[in-house]
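Line order of the protein sequences matches chains A and B. Every letter in the first sequence is one number past the one before it in the working numbering, and letter 8, counting from 1, is 8. Every letter in the second sequence is one number past the one before it in the working numbering, and letter 2, counting from 1, is 2.
Calculated from the structure, these hints are not laboratory results. Wrong hints could be hidden among the right ones.
[As the list claims (entries may be wrong)] Below, in silico cross-link-like pairs of lysine to aspartate or glutamate (DMTMM-like), each with a Cα-Cα straight-line distance of 20 angstroms or less:
| hint | chain 1 | residue 1 | chain 2 | residue 2 |
| --- | --- | --- | --- | --- |
| 1 | B | Lys86 | A | Glu155 |
| 2 | B | Lys189 | B | Asp210 |
| 3 | B | Lys39 | B | Glu213 |
| 4 | A | Lys4 | B | Glu108 |
| 5 | B | Lys39 | B | Asp212 |
| 6 | A | Lys317 | A | Asp306 |
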Amino acid sequence: MIIKRADVGMLAVLALAVLLIPLTLDDYWVLTFGTVGAIALAVIGLNVAMGWAGLLSFGQPVFMAVGGYTTALLTVRYSVNPWLALLCGIALSAVVAAVTGFPVLKLESHYFAVATFAMSLIVLSVINGAQTFTGGAIGIIGIPPLTIGSINFAEHLPYYVLVWVLVALALLATYAIRASRTGRAFRVLATRPDVASSLGIRVRRYRVIAFVISAVLASLAGSLIVEFSTYASPDNFNGDVGILVFAMLFIGGIRTASGPIVGAAIVTVVPVEATAIGKYSALTFELILLLILVVWPRGLGISVADGVEDVIGRFVKNLGKPRARVANSAADSAAGGQANG
Amino acid sequence: MPVKATAKERGTPVGLEVAGVSASYGRLRALDPIDVTVKPGGLVLVVGPNGAGKSTLLRTLAGLTRNSQGNVVLGQRNVSRMSAPKRARHGLVLIPEGRGTLPGLTVEENLLLGARLGGAPLDWADVDRYLPRLRERSWQNCASLSGGEMQMLAIARAIAARARVLLLDEPSRGLAPLIVGEVYRTLRKLNTDGLGMILVEQKSVPLWRDPDETIVLAAGRVVHRAQSARVDEAMLADLYLAGERSA
Chain A
1 MIIKRADVGM
11 LAVLALAVLL
21 IPLTLDDYWV
31 LTFGTVGAIA
41 LAVIGLNVAM
51 GWAGLLSFGQ
61 PVFMAVGGYT
71 TALLTVRYSV
81 NPWLALLCGI
91 ALSAVVAAVT
101 GFPVLKLESH
111 YFAVATFAMS
121 LIVLSVINGA
131 QTFTGGAIGI
141 IGIPPLTIGS
151 INFAEHLPYY
161 VLVWVLVALA
171 LLATYAIRAS
181 RTGRAFRVLA
191 TRPDVASSLG
201 IRVRRYRVIA
211 FVISAVLASL
221 AGSLIVEFST
231 YASPDNFNGD
241 VGILVFAMLF
251 IGGIRTASGP
261 IVGAAIVTVV
271 PVEATAIGKY
281 SALTFELILL
291 LILVVWPRGL
301 GISVADGVED
311 VIGRFVKNLG
321 KPRARVANSA
331 ADSAAGGQAN
341 G
Chain B
1 MPVKATAKER
11 GTPVGLEVAG
21 VSASYGRLRA
31 LDPIDVTVKP
41 GGLVLVVGPN
51 GAGKSTLLRT
61 LAGLTRNSQG
71 NVVLGQRNVS
81 RMSAPKRARH
91 GLVLIPEGRG
101 TLPGLTVEEN
111 LLLGARLGGA
121 PLDWADVDRY
131 LPRLRERSWQ
141 NCASLSGGEM
151 QMLAIARAIA
161 ARARVLLLDE
171 PSRGLAPLIV
181 GEVYRTLRKL
191 NTDGLGMILV
201 EQKSVPLWRD
211 PDETIVLAAG
221 RVVHRAQSAR
231 VDEAMLADLY
241 LAGERSA
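Please model the entire structure based on the sequences and the hints provided.
Quick look at the structure:
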């Protein structure tokens, strides 16, 4: 089965929420959930690499940085159109993922994870080291926003709409891949790489394809983040981001369609809202994450969706019961009558 | 379409000629040089205790473990230097120990992977000929199948892949005798239709016919070979112990 019924239900609820947020909530929430959507793109990418193809990757910040900085440098230093710069970032990320992927994906599981973490440290070192070009720790400011005619995507509502349209397209595209031969090959890699080879699947080639897809989506997320904030900084793409994206996937629900969105929303919104608690806000956030992982190890999104599906299923089943009881009691009376007679 | 006709499409039913193939894991020799001949439609039984090198032999022939030396010739083609995916695409198909079915994929998706390997669209008629009940379960996640059904699915996947020589690693392992009988009945049909196979089992088992050759492995080397004969259990125990002593 490509997608579970409960997952579709959760997606429908999320789609409704995405539609209602700009209609019912204030500008602050539109901005916040615009950011959630951008990050969710990187998490959807990780879901392809890790959830489907079994690649334990901390590499998302690498490609977010490649996308973000390519966009920033091309627009600010070379006055390239922001849309073209965004596409260049995606293309460069795909090339970097393919070129680094072939040697790095020779490594298995945890070794690959460490290698991707090292890649994120290397990218940060390059950004900080090439100060005259990248602006170093200060970053690059004054990135022109994405526009179409008079629509400026640095404004909250247009940005929100753009991001969520892209999230919907990313989900459709990735699930189309999942349903294809490539998607089946990914799932074989994740469960039985030894069997994959004996089924004629070129393991490394498909791993590279999964890695490139995850890089493309991370790059898109990185570009959207810098285009919206008009500012690129190494802090946006450090190793913490890799761990947070990783956490978002598990908290939302790995190998589900709704999980990346739910995870991105929780990990983005909860720490901001927890600041109201005061000095224990960070601790509260971390405990909440721990609680979610312990209580719902399959992910909050899919666990809640399954729970709701169960409740609805039981409710529907119970609808028929009173009638059955009436029928039974009628039968009992008839039997009793006969016995008495 | 039966396997025989499929094999005809690719030429004729092919045999497998293994000459002096050995395998090592690093510096550790796991399998001493071995010769095996599987005629078109032939059957070779390989038996031996745990750690004898039976699975290593099949994995080496399938290309999953690199052969240190020797030649593997499938039909007229030397596949010794080919990668595992290439060998599989040429029709040398391994059904690994533990069935090799893929949880998370439906029955049909498993078969589609096989068909893709065979380079032709999935034809349920091929599968129905050998396993008529599998089609009813096409949308079932294969994780929910019983051990016997999983083994049948793994065989069906090899049928969809239009295997030319089948490498079977302990297909009876963990199955009830009744189910083993069903599995062997399917293998008999395939074998009769011209599919050559190397069958690995822990011990000598009654098969649908006498194998062309029975090879006993112990501690990575051949300790006994018998042409067209089953190996006596007591003799096998002696051979195992001899292998252990010399190891």
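Now for the hints, and whether the structure bears them out:
no. : hint                : in the structure
1   : B/Lys86 x A/Glu155  : 53 angstroms, violated
2   : B/Lys189 x B/Asp210 : 15 angstroms, holds
3   : B/Lys39 x B/Glu213  : 11 angstroms, holds
4   : A/Lys4 x B/Glu108   : 17 angstroms, holds
5   : B/Lys39 x B/Asp212  : 9 angstroms, holds
6   : A/Lys317 x A/Asp306 : 16 angstroms, holds
The structure shown violates just one earlier hint, number 1.
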